[in-house]
Amino acid sequence: DGGITQSPKYLFRKEGQNVTLSCEQNLNHDAMYWYRQDPGQGLRLIYYSQIVNDFQKGDIAEGYSVSREKKESFPLTVTSAQKNPTAFYLCASSADGANYGYTFGSGTRLTVV
Amino acid sequence: AQTVTQSQPEMSVQEAETVTLSCTYDTSENNYYLFWYKQPPSRQMILVIRQEAYKQQNATENRFSVNFQKAAKSFSLKISDSQLGDTAMYFCASQSGATNKLIFGTGTLLAVQP
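Here the protein sequences come in this chain order: A and B.
Sequential numbering of the first sequence, starting at 1, is according to our numbering.
Sequential numbering of the second sequence, starting at 1001, is according to our numbering.
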């Protein structure tokens, strides 16, 4: 079945450490996105990529980094510069030029301990 | 810039009744799309319904329908014959036709009571 796989489901990080969240899709979608979800704030866009080897900052990119070396993969690194990284992170993808909304992964819950 | 506003943080409805969730948006674009997503306790985002801004006809999907008022920039979701499985967070979202970026509101937590 086609879909988006995020791993791990739960992740714990010590303060000062970088951590990478995985996002893989087999939908042959060109565009991929990372959102952060906090209670009462909805989903906020961190980074997005519309094509391999290219990506743009979203509304809250500070403290995060991404890469897009393969069409199927769009990993997100939460760096030590992110002051409040505890959140639920959602990855999504969409077909280029299509406006049918996004397909979402099941999310990763990151907790800083 | 696009913005989406959901002014009802929480709502409750009795099983089999009808409920309407409100959403307003703002955009300077003429080409855009509007969505309602459902996020149940599993936290999986599920597309409920989609509306193309250039279409006047309101979208419907089984028990779900929208009231799209383009001039007022309003996009409400009506759920008929509410079921216990409708209990979830509902997000309204606006997608730019130019950039494909999807911007979300803050969500409405809907509880369906037996």
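No lab work stands behind these hints: they were computed from the structure.
Mixed in with the good hints there might be a few duds.
[What the hints assert, rightly or not] Covered by chain A, according to a simulated footprint, are these stretches of chain B (three or more residues, beta-carbon under 8 Å):
| hint | segment |
| --- | --- |
| 1 | 1036-1047 |
| 2 | 1095-1106 |
[Unchecked claim] Some but not every residue of chain B turned toward chain A, in silico, with C-beta under 10 Å:
| hint | residue |
| --- | --- |
| 3 | GLN1006 |
| 4 | GLN1008 |
| 5 | PRO1009 |
| 6 | VAL1013 |
| 7 | TYR1025 |
| 8 | ASP1026 |
| 9 | LYS1055 |
| 10 | PHE1064 |
| 11 | PHE1091 |
[As the list claims (entries may be wrong)] From chain A, some residues computed to sit far from chain B (all C-beta separations above 12 Å):
| hint | residue |
| --- | --- |
| 12 | GLY40 |
| 13 | GLN41 |
| 14 | ALA95 |
Beta carbons: idealized from backbone N, C-alpha and C, even for Gly.
Requested in this report: Give me the numbers of the hints this structure contradicts, sorted from smallest to largest.
Outcome: 4, 6, 7, 8, 9, 10, 12, 13, 14
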